[in-house]
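A.B. asks: Based on the sequences and whatever the hints tell you, model everything.
So the sequences go chain by chain: Z and F. Start counting the first sequence at 1; every next residue gets the next number (the UniProt record's numbering). Start counting the second sequence at 1; every next residue gets the next number (the UniProt record's numbering).
By construction, these hints were calculated from the structure, which means they are not laboratory data. Do not take every clue at face value.
[What the hints assert, rightly or not] Under the rule of at most 27 Å between Cα atoms (straight-line distance), these lysine-lysine pairs were calculated in the DSS-like manner:
| id | chain 1 | residue 1 | chain 2 | residue 2 |
| --- | --- | --- | --- | --- |
| 1 | F | K400 | F | K32 |
| 2 | Z | K153 | F | K153 |
| 3 | Z | K153 | F | K395 |
| 4 | Z | K270 | Z | K400 |
| 5 | F | K267 | F | K212 |
| 6 | F | K272 | F | K395 |
| 7 | F | K446 | F | K380 |
| 8 | Z | K267 | Z | K153 |
| 9 | Z | K485 | F | K153 |
[Claimed, not checked] Across the chosen pairs, the derived CB separations fall in these ranges:
| id | chain 1 | residue 1 | chain 2 | residue 2 | range |
| --- | --- | --- | --- | --- | --- |
| 10 | F | G88 | Z | R186 | 23 to 33 Å |
| 11 | Z | G48 | F | G88 | 45 to 55 Å |
| 12 | Z | I25 | F | R45 | 45 to 55 Å |
Backbone N, C-alpha and C fix where the C-beta goes; we use that ideal spot for every residue, glycine too.
There are 2 protein chains.
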Amino acid sequence: MSAKNLRFGLFLGLFLICSVAVHGIDLWPMPKSVSHGSKTLYVSREFGLYMEGSNYSDGLGILKGAFERMVDLVEASHVIDGNSSGSGVLSGVNVVVHSPEDSTFSQLCSFNFVTRVVELRSAPWTISDLPRFPYRGLLIDTSRHYLPVRIIKGVIDAMTFSKLNVLHWHIVDTQSFPIEIPSYPRLWNGAYSYSERYTMADAVDIVQYAEKRGVNVLAEIDVPGHALSWGVGYPSLWPSASCQEPLDISNEFTFKVIDGILSDFSKVFKFKFVHLGGDEVDTSCWTITPHVKAWLNQHHMNESDGYRYFVLRAQKIAISHGYDVINWEETFNNFGNKLSPRTVVHNWLGGGVAQRVVAAGLRCIVSNQDKWYLDHLDAKWEGFYMNEPLTNISKPEQQKLVIGGEVCMWGEHIDASDIEQTIWPRAAAAAERLWSPLDKLASDPKQVTARLARFRCLLNQRGVAAAPLAGLGRAAPSEPGSCIKQ
Amino acid sequence: MSAKNLRFGLFLGLFLICSVAVHGIDLWPMPKSVSHGSKTLYVSREFGLYMEGSNYSDGLGILKGAFERMVDLVEASHVIDGNSSGSGVLSGVNVVVHSPEDSTFSQLCSFNFVTRVVELRSAPWTISDLPRFPYRGLLIDTSRHYLPVRIIKGVIDAMTFSKLNVLHWHIVDTQSFPIEIPSYPRLWNGAYSYSERYTMADAVDIVQYAEKRGVNVLAEIDVPGHALSWGVGYPSLWPSASCQEPLDISNEFTFKVIDGILSDFSKVFKFKFVHLGGDEVDTSCWTITPHVKAWLNQHHMNESDGYRYFVLRAQKIAISHGYDVINWEETFNNFGNKLSPRTVVHNWLGGGVAQRVVAAGLRCIVSNQDKWYLDHLDAKWEGFYMNEPLTNISKPEQQKLVIGGEVCMWGEHIDASDIEQTIWPRAAAAAERLWSPLDKLASDPKQVTARLARFRCLLNQRGVAAAPLAGLGRAAPSEPGSCIKQ
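C.D. replies: This is the structure we're talking about:
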């Protein structure tokens, strides 16, 4: 299903007739094509799902679940105690769908405070939709701060509202190793505490929860540079007790452990990609630690040879488990021509990288930190919206190699208390850039401020702690006022 | 039920035997008396509720609902896929209860990462519990910023975890009038926007949701000073178009509207108290508006006479609808001897007020802003914990008149995006002060820092965005680290 999610969008059609009302198109992100009439339909309490003509096999009950969640969203904002019988009742929706989708239709429905029923205004609607980029990601970081399973599920729920479809789970890093690895059970000795851990069953639960909602989970281990916590359970993975990262390149056990982790991952994380990191590698521990330095000399490698050797060997292991590999851009910047052709290069340092990556014939994901790092509170929603992944990439065959983009919620100052309002609504601004056709995107963010503000209020109504648009990231409202004006 | 909640606590007993384990008492707030053994019980997947000996009528299914939520909390943190069969299985809990309660037992249970089942350690437990103060409140403000129904329900859920039992709903104020008043339907023309409103059915939904969880909803209209938004729908409630508050004391219609609101309230808000505000009344509009000034002269009143007249007349109206009245302390400070004996004086300006109020024979609620205002981000949890409502009140009959305290989450800079982490964990620190016996309270907050930190992590695990203890209110974590150390 994962691969399918990356390829297909959605077609939703509604055809019914009723009494009059008109309003504008208030959807986020903006679909590929929308047309509507001027009628108002009342959503029946026995609202049903019809799938005539659908070629989507719903064996997993994915569409049914999505439909039930959609109805819940439609009905959640206020108590519906009006009478919706009689003509003009919308008794169901006939959907032809290629991927689970519960966001568009629910945004079209609104509570009528006079009739006390939910209505679909400006009907009939004809919406044809398809994502511009197949990969629309959000990174979370459970190493700098542990995120409870319930919080991660909340992030996934909110992702679906703006059609983000890849949860990049930066699971482990220097600070902690929270996840269980059955092949090497002492690895999670590197967790912060007894309770700040995930079992493999928790990981399966998260992956299935996401899959049901059309979200793929991309697992990352960041080697060799961001892996100090691995040595808490297995100290021989450290060059020495006093110099603890990068991982000891001279120790065969290091690669055995990587193989064990990726073998265990392949049973749980079914997405076609795995992320191997490879960024910010300071190799000084290798040269000041005698047995590592000796191993490098013996193999006629300098530090940068060693870095390349490590990354490429890790890639081979991942590929042997059936994965395509994603690496941070330093690997491309240092030895791009040596990377596996199955590599996707993950940009983060700045702009202008994607055009070099695709010119080299590799795929690329755009996350330039100046625009798409959510932990940069001075990066405002306007910059998230305007950041164009295809800048200076004109050839169609090169454009295809940019599979999408990702906004990154690094966890140094993020935990369960502030993750939602640091992510939203800025991530939603990037989500429209990644979903909507170029000709539907505003050339000036001012043109979409009001629509995004209304979408932010909708997120609040759905229980998502999305912050005001005004000010820095996650800024508190500066004064009393209406949600839609802040 | 409301009144009963205010009087009774809970007795919970568990008597079973099993394999060995020991740990300390890790409950928040600390119960009246706790004793435990050194056994470990495994919670059966068919965990059941037994009510032998209960004298609690559960006609509303309140206890059953509370029990189901408790089991959900117990099982929510991790996937339970271990085998809990055999001896030492905790197959149920025998509860004798006088009020709905789902917090204590769930805090005793924890997930065992080895056996993969939920266990109750240090059993058997004998817990006898009873709140120190009957009124343990939290104020929310839906006038400065609208709070969606789902967000309010989330606040109620979190209140139950630390045994707060009164949601003080400051519904309307100068800035907006979000709630429907059937008797005067144009009042909610004062709402911020079409969708930022509550129907009466929404209010009923919120009250019933709270009642099922042992939380009373205290409704407030803040007259005459904080009522400008009333005039949007009925301009004659303003002294003039250019001088719009306090409400026009010279207009009989003003009191008709107050009567209509309280009449409608009495059908929905079944708590024994209603809050009539009465704070921060600037009467200058009365004296500079000719027809109001003429009315005052005609009735031989100066401004302060008018203020007293208004408050006392509003009290009579509330009492005529069966309510006891709560007023902010300025009413007591200005004409305490004239207030109805059924008045509860709500302190907020500073300390030392309660002792004067109870000396005058009136009841009091403590909310001194320097310690218990949550919107004061420089008010730290230690101050919330140490704020003693009975300071300088030694006579038992006077102590009884302090019915409790309340922490206040004023909404000028609070909306759905930041309310949870601004409330928690500071409100929980006050909750222990209001719940636990004096001899169980720490004389130095340092003695409870670790326990409160663990409770904050538990809130996170339950999906509540409780902030780190360190730093100002709702501060982001200052660096990577374990939840229990921040």
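A.B. asks: Work down the list of hints and note, for each, if the structure agrees.
C.D. replies: Quick rundown of the hints versus the structure:
Proximity of K400(F) to K32(F) is assessed by CA-CA distance (about 18 Å); at most 27 Å being required, the pair is judged to hold. Straight-line distance between C-alpha atoms of K153(Z) and K153(F) comes to about 19 Å, which keeps the hinted pair within the 27 Å bound. A C-alpha spacing of about 52 Å is found between K153(Z) and K395(F), which places the hinted pair above 27 Å, so the restraint is violated. For the given pair, K270(Z) sits about 23 Å from K400(Z) by alpha-carbon distance, which is consistent with the 27 Å threshold.
For the suggested pair K267(F) and K212(F), the alpha carbons sit about 18 Å apart, so the restraint of at most 27 Å is met. Distance restraint check for K272(F) and K395(F): the Cα-Cα separation of roughly 26 Å lies within the 27 Å cut-off, and the hinted pair is therefore satisfied. With a CA separation close to 13 Å, the supplied pair K446(F) and K380(F) stays within the 27 Å bound. Restraint check for K267(Z) and K153(Z): the C-alpha separation of about 20 Å stays at or below 27 Å, so the hint holds.
This hinted pair checks out: K485(Z) and K153(F) have alpha carbons roughly 24 Å apart, not beyond 27 Å. At roughly 28 Å, the beta carbons of G88(F) and R186(Z) sit within the given window of 23 to 33 Å. Separated by about 48 Å at the C-beta atoms, G48(Z) and G88(F) satisfy the suggested range of 45 to 55 Å. Our hint of 45 to 55 Å for I25(Z) and R45(F) holds, since their Cβ atoms are close to 49 Å apart.
Checked against the numbered hints listed earlier, the structure breaks hint 3 alone; every other hint is satisfied.
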